[in-house]
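Trainee: In the order they appear, the protein sequences are chains A and B. Residue numbering for the first sequence follows the numbering used here, beginning at 66 and increasing consecutively. Residue numbering for the second sequence follows the numbering used here, beginning at 18 and increasing consecutively.
Careful, some of the hints might be misleading.
[Unchecked claim] Now the in silico label distances, taken between C-beta atoms and shown as ranges:
hint, chain 1, residue 1, chain 2, residue 2, range
1, A, Asn249, B, Gly116, 50 to 56 Å
2, B, Lys86, A, Ile240, 57 to 63 Å
3, B, Ser62, A, Val277, 21 to 27 Å
4, A, Arg256, B, Cys108, 31 to 37 Å
5, B, Gly116, A, Asn239, 52 to 58 Å
6, B, Met42, A, Asn249, 55 to 61 Å
7, A, Cys203, B, Arg91, 43 to 49 Å
8, B, Gln28, A, Ile221, 54 to 60 Å
9, A, Gln279, B, Lys103, 24 to 30 Å
10, B, Lys103, A, Val277, 25 to 31 Å
11, A, Ile221, B, Arg61, 20 to 26 Å
To be clear, the hints were calculated from the coordinates, so they are not data collected in a lab. For every residue, glycine included, the Cβ atom is placed at its ideal position computed from N, Cα and C.
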Amino acid sequence: MIKIKEKKFDEIVDSIEGFKKILVIGCGGCASVCLGGGQKEVERLCVNLNQFFQSEAPSRSARGYTIERQCNIAFIEETRSFINLFDAVLSMACGAGSQYLAEIYPDTPIFPAVNTVAIGIDREIGVYEEKCRACGDCVVGYTGGVCPVTRCAKGIFNGPCGGTNNGSCEIDKNIPCAWVDIFNRLKVQDRLGNIMKIRPTMEWQNQTQRTVVQNR
Amino acid sequence: MESKAEICVEQINAIVNEKKQEIAMALKVCAHCTLCADSCFLYRSREQIPEYMPSHKFITSLGVIYKKKGKVTREELLLMKETLWKRCVLCTRCHCPLGINIPNLLAIGRRILRSQGIYHLYSEPEKMNGLYREESILEEIK
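Generate coordinates for the entire structure from the input sequences, incorporating the hints supplied.
Mentor: Written out as structure tokens, the structure reads:
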């Protein structure tokens, strides 16, 4: 799922400077699962903001509301009746959710309260690891289930590069070389032929906004 | 931590009244045809346990809140939390031939629970209940 992390409090406060009534909108989807922007986090941010406002600017206030998903109009709609009561909105959803809010409410200033970090997996509760960059042209079928775009610092398709050092990446000895992992995994599976052929560079589809239309 | 405050019936009814027609119509027209169940991947992958049927999920949660006119206990809402969060991922893929928007109704149910400070906490370890599923796959392979 998408993994997000709350922005630093100072950055959040800076972004909403000058706005009196703030609505913090949480997301019950991925943001909630990765403990970044669900109802609990919304309530906590509201408490912190109101405490800050009390000491700095008593006329300002923050209220929280969590919808099931900010990437679906059906769920955003329930905020329509009260969104106009607020001067600005802090979105605790991923970049997609906050942009969709901004699209639905063009007159309301929307500010992200979180950074969208990755598409990743749950190592344990609260520990998440990036696994996919959503490049749009998955190659893990040829690379033993290890993504060179995400795992390799250079994102190279025909590795390893000259910087590989006893299984580590040249940028940090604690980071394993993705291409060594790819080689080892394919060797165990007797599929080394998969990386013998030179793969052409990717036609980077993320240069333009992508749209997915599934066959139903 | 979940709120232990008293249930606010007025707050619940304010949400119910906002969607009253939709809820009443859904409860009235549901023919219990079970066709929604066929389009629910959770129902299909959970050995077709009736509790996973989309219609069952909304009748036993929002349906109960509506019929009791919001006069529900925290314990009842906590039971509904299991239904609304653990038995539904709001993928919005369930289909009703009579046009009932089931995911929308389940979302209203979640909204009511959220208004009372009751919601699923992902920071708590999950009790894995998928064991029977694993066994069934193993049996299938055999």
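Trainee: Would you mind marking each hint as holding or not holding in the structure?
Mentor: Hints, one by one, checked against the model:
1. The given range of 50 to 56 Å is respected by A/Asn249 and B/Gly116, whose C-beta atoms sit roughly 54 Å from each other.
2. A hinted range of 57 to 63 Å for the beta carbons of B/Lys86 and A/Ile240 is consistent with their spacing of about 59 Å.
3. Between B/Ser62 and A/Val277 the C-beta distance comes to about 24 Å, which sits within the given range of 21 to 27 Å.
4. One distance hint, 31 to 37 Å for the beta-carbon pair A/Arg256 and B/Cys108, holds here, with the actual separation near 34 Å.
5. Distance hint check: the CB atoms of B/Gly116 and A/Asn239 are about 56 Å apart, consistent with the given range 52 to 58 Å.
6. Between B/Met42 and A/Asn249 the CB atoms are about 60 Å apart, so this pair conforms to the stated range of 55 to 61 Å.
7. At roughly 46 Å, the beta carbons of A/Cys203 and B/Arg91 sit within the given window of 43 to 49 Å.
8. For the hinted restraint 54 to 60 Å between B/Gln28 and A/Ile221, the CB-CB distance of approximately 56 Å keeps it satisfied.
9. Separated by about 26 Å at the C-beta atoms, A/Gln279 and B/Lys103 satisfy the suggested range of 24 to 30 Å.
10. Take B/Lys103 and A/Val277: their Cβ atoms lie about 28 Å apart, and the range 25 to 31 Å holds.
11. Against the hinted window of 20 to 26 Å, the Cβ-Cβ separation of A/Ile221 and B/Arg61 comes to about 41 Å, which falls outside the hint.
In this structure, the one hint that does not hold is number 11.
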